[in-house]
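Fit chains H and Y to the supplied structure of chain S, relying on the hints for placement.
Residue numbers (my numbering), protein chains in the order written: chain S, 1 to 254; chain H, 1001 to 1305; chain Y, 2001 to 2359.
Do not rely on the hints blindly, as some may be mistaken.
Derived pair list, reagent style DSSO-like, types lysine-lysine, alpha-carbon separation capped at 30 angstroms [to be verified]:
| # | chain 1 | residue 1 | chain 2 | residue 2 |
| --- | --- | --- | --- | --- |
| 1 | Y | LYS2293 | S | LYS229 |
| 2 | Y | LYS2237 | S | LYS239 |
| 3 | Y | LYS2233 | S | LYS229 |
| 4 | S | LYS77 | S | LYS145 |
| 5 | Y | LYS2265 | S | LYS145 |
| 6 | Y | LYS2020 | Y | LYS2008 |
| 7 | S | LYS12 | Y | LYS2075 |
| 8 | Y | LYS2265 | S | LYS84 |
| 9 | H | LYS1118 | Y | LYS2075 |
| 10 | Y | LYS2075 | S | LYS145 |
| 11 | S | LYS12 | H | LYS1245 |
| 12 | S | LYS229 | S | LYS239 |
| 13 | Y | LYS2335 | S | LYS229 |
| 14 | S | LYS12 | Y | LYS2265 |
| 15 | S | LYS229 | Y | LYS2008 |
| 16 | Y | LYS2233 | S | LYS239 |
| 17 | Y | LYS2293 | S | LYS239 |
| 18 | H | LYS1118 | Y | LYS2020 |
| 19 | H | LYS1245 | Y | LYS2293 |
| 20 | S | LYS102 | S | LYS239 |
| 21 | S | LYS84 | H | LYS1245 |
Across the chosen pairs, the derived CB separations fall in these ranges [what the hints assert, rightly or not]:
| # | chain 1 | residue 1 | chain 2 | residue 2 | range |
| --- | --- | --- | --- | --- | --- |
| 22 | Y | GLY2036 | S | SER51 | 18 to 26 angstroms |
| 23 | S | VAL114 | Y | ASP2227 | 40 to 48 angstroms |
| 24 | S | VAL161 | Y | GLY2036 | 45 to 53 angstroms |
| 25 | Y | THR2268 | H | LYS1179 | 55 to 63 angstroms |
| 26 | Y | SER2047 | S | SER51 | 52 to 60 angstroms |
Hints are computed from structural coordinates only; laboratory data are not their basis.
Heads up, the beta-carbon is just placed ideally off N, CA and C, and yes, glycines get one too.
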Amino acid sequence: MNHLGFELQPLKIASFDFTCCEGCQLQLANRESTLPEFLALVDIRNFREISSERHDDYDIALVEGSITRSDEIERLKTIRARAKMLVAFGTCACFGGVNSLKNRMPQEAVIREVYDGKAIETMPSMRIGDIVEVDYGIPGCPVSKEEVERIVVSLVSRSPVTLPTYPVCVECKQRLNTCLFDLGEICLGPVTRAGCDAVCPTGNTACLGCRGPAEEINFPAFAQLVRDKELSMADMREKLAFYNGFGDYLEEET
Amino acid sequence: MHDLRFNIPGQDLNLEPFALRAPDFQKKCEVMITDRGYKCRITNIVPLSGQERLFLLRIVDPLERELFNFRPGQFLMLEVPGYGEAPISISSSTSNHEFIELCIRRAGHVTSALFEAKQGAIVSIRGPFGTAFPMEQMKGRNVLMVAGGLGIAPMRAPLFWIGNHRDWYRDVRLLYGAKEPSQLLFSYQFEEWQKVSNVKLHTIVENPDGSWRGRSGMITTLFDEFTFDPEETWAIVCGPPAMFKFVCNYLDLKGIPMNRMFVSLERRMHCGMGKCCRCMVGSTFTCLDGPVFDYWSVMNLKEAI
Amino acid sequence: MIYKVISKPEFISFIDAIVKANNAYGPRQVDTGRRGEPIYQFMPVTSAGEIAFDYTATHSSAKHLFLPFRDELSKFSFTDGNWEQEVRYDAPPIVLIGLRPCDINAVNILDDVMLRGPYPSPYYLARRRNTFIIGMDHLPLADCFCKSMNRHTVNHGFNLFCSDIGDRYYLSINSANAFGFLKEFRLEEPSYEDNCNLIERRKMIKHSFTTNIEVTGLPVFLDIEFDSPIWQKWGDKCLSCGSCAMVCPTCYCYSVEERFDIDLKGSTRQNHLYSCNLVDFAQVAGGHNFRPKNGDRLKYRYYHHYRGFAANDNQQICVGCNRCGRACLAGINPKDVINDLRLERESCMTCVSTSPDRT
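If we strip away everything but chain S, and leave its shape as in the complex, we get (with noise of 0.2 angstroms):
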């Protein structure tokens, strides 16, 4: 590409894991089809899942997972320092994920429950953005392979990197699929930022809001139509923080 004047160079780049199950990672070595031509668009420096090298210049960290421990802070503000540009890579490292359900027990509990009483250190999962600086954040449960290659490639090009700013139920529409809420289903969709194609809603599961809120969603109307649906508001407030993405809307709700 050189019919404007200048020549794009690969991007060198790092992935890194906190506390998560690293599937968002490996969605970075899915899609076959186009993983010859993605892989030429970086240079990794590191990345302990594909290769044992290791760099430590790179110019764009993905990190993946949230913060549980303390020695994870260090990590993490090491990377930060490091890295040109930092991108919370996935729900856990966007907004706490699923780990952040943890978060409403006492933490001991949490410890006899899952390590049967072991001496773990372990504290409340919290967001990458809690701890340093984040550049951009692409949010899913896992992350699409499609939306990061397409931000790869804007970060390639020098494009500006965004993300849908309206809710999944554009998507779910184009997909001509059945409303969950005629089914007599809570379903996230109408606030939960788009981008994901509608994945859940087209096999007949509602969103849960793996990718966050919306723009500037309506969620007084939100929490509006789920009474009038004569919808379990308990089953509401359940979704919303299944990824811990609507922690503000929730505060507001209660």
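Chains H and Y in isolation, oriented as in the chain S frame:
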């Protein structure tokens, strides 16, 4: 049993039944109707200020270069392949068939990509689109032009026009204001406009610096420097909405009928062809019914200002 | 137009033949709702048996078969220091079965929007020309208001239109293609009785509407009520989710996006169907949003539908199918909004002597 399939290949469609706007549209039908643009080479890039540059474009194909005609005030869709399109007002003379000049501020991602592009880069244009300033109707009258900031960009085409048809008009006056002295663009042409085109030029800046020896303040304060006959004067006003509202209301008070004041509106545009509805102002398309409107129409457009 | 009648079994075999020989779309039941009601959509069909001939209304319109939700406008391929642009607008032929009069009227409105004026859209034209439309009448649902919009009958824009007159269909044949296909099947000339039955059927449909909206003079009302508080009231309910625009048979506003191919050797310009209710519809490059509030955007959609746009001869583009009303989770529907608007104006009229200025 007959074969019930209809095989009307899409590419063989007969496009004739539709009303064509311009005589040269037959050719344009093939070129523009299909979202295909004219390929252009950026032959020169002139820095104007920290944020604005003047791009000189030359249409690569000689036939297309000959065909490309526009009227002062019209705009085109500039395509930077890979990055997308942006609407840009044409800043050059209608009689200049060799080069198209575009005065561009770095604002969105298309213009940012253009600012990265080097001389010799190949881009594409579709157009021209939209309405123009009614230069013919102004024949025999005084022309009062008021430009604020980047409003000078759409003003250059009518300025060139007046230079080429100077005997058509009586008094021509340009009031030009900017935030800072360095943002008065095209200062290298001021002398040419004054001496060659016989345009009376008044400049003003809002925030003067040490080197500025002219006036400072809002552009409307320039009106105390001269008088005009509202019966015989037509006005062209380009600039931010807040500015043209003030200026046009002043001119209205002075007695210039609203339908003799012309303004150029800016909106987000995606198609330029009156389809995507992104540039709607009230019930009007900025791309088809504008960008040049008389002030009366703008006053009647909901949400215009 | 040529009129014929066809027995129902013969009609089914005609549909079966045409469906089997072509890419066809027709109404199918895709789900059962909360109260046991069937939910229909226009879906691909491969035999007449799959088509729900007695369907009520589809949840989504058939618009996307003419204006796809995402459509490729052109492709650039980059070569050494240069590029080439490729524009394609060929469309594979399809048969579309079971459109209601309001749906066909909606396609006619889209024809006006996309094909009239100085820049007809070849992408739309290709699809439109290659679509064979078979229309069918129906008794209105309780919330249909196409009669109020005068869109409950249709006399052009289809290839074949079928009215149910008991044991037979009364066919209006409106294209040489349709006539040609039907030659293979047993048709009869309409008898005096058939004609009477058709007229009775039309009368019955006309008198079955229970939802009526007064739309006369609405363009002026809308202009006068531009700053009315009712827009904020309804805007406060609006989720800005764009569902209304997606299911609407005439909402056509779109956005254009260009993306690099993953190998950076080319790029694609696409249009995406957008909705004027979505938050950034009127946002410009500098970040300024001309319609920042839900109410502003909702109002804008009503403007487009019930006032009409200048470039479109100011015609109202709503056909009264109420798909937006059914799809809206917040319960916003044209009937209530327009009645509210009228009520607002009328209450203002009654108090005009004491308080001409509302605050």
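Against the structure, the hints come out as follows:
1. LYS2293/Y with LYS229/S: holds, 25 angstroms
2. LYS2237/Y with LYS239/S: Holds, at about 21 angstroms.
3. LYS2233/Y with LYS229/S: Holds, at about 20 angstroms.
4. LYS77/S with LYS145/S: Satisfied, since the Cα-Cα distance of roughly 27 angstroms is no more than 30 angstroms.
5. LYS2265/Y with LYS145/S: Roughly 20 angstroms between the alpha carbons, so the hint for LYS2265/Y and LYS145/S holds.
6. LYS2020/Y with LYS2008/Y: holds, 18 angstroms
7. LYS12/S with LYS2075/Y: holds, 29 angstroms
8. LYS2265/Y with LYS84/S: Distance of about 27 angstroms is within 30 angstroms: holds.
9. LYS1118/H with LYS2075/Y: holds, 23 angstroms
10. LYS2075/Y with LYS145/S: holds, 23 angstroms
11. LYS12/S with LYS1245/H: violated, 50 angstroms
12. LYS229/S with LYS239/S: holds, 16 angstroms
13. LYS2335/Y with LYS229/S: Measuring from Cα to Cα gives roughly 20 angstroms; hence the hint holds.
14. LYS12/S with LYS2265/Y: holds, 20 angstroms
15. LYS229/S with LYS2008/Y: violated, 41 angstroms
16. LYS2233/Y with LYS239/S: Satisfied, since the Cα-Cα distance of roughly 28 angstroms is no more than 30 angstroms.
17. LYS2293/Y with LYS239/S: holds, 27 angstroms
18. LYS1118/H with LYS2020/Y: Violated, because 56 angstroms separates the two Cα atoms, which is more than 30 angstroms.
19. LYS1245/H with LYS2293/Y: OK: LYS1245/H and LYS2293/Y at ~23 angstroms, within 30 angstroms.
20. LYS102/S with LYS239/S: Holds - the C-alpha atoms of LYS239/S and LYS102/S are around 15 angstroms apart, at most 30 angstroms.
21. LYS84/S with LYS1245/H: It is violated: about 45 angstroms lies between the C-alpha atoms, which goes past 30 angstroms.
22. GLY2036/Y with SER51/S: 18 to 26 angstroms: violated, 56 angstroms
23. VAL114/S with ASP2227/Y: 40 to 48 angstroms: Violated: the Cβ-Cβ distance is about 59 angstroms, outside 40 to 48 angstroms.
24. VAL161/S with GLY2036/Y: 45 to 53 angstroms: holds, 46 angstroms
25. THR2268/Y with LYS1179/H: 55 to 63 angstroms: violated, 39 angstroms
26. SER2047/Y with SER51/S: 52 to 60 angstroms: holds, 53 angstroms
Of the hints listed earlier, those the structure fails to meet are numbers 11, 15, 18, 21, 22, 23 and 25, in rising order.
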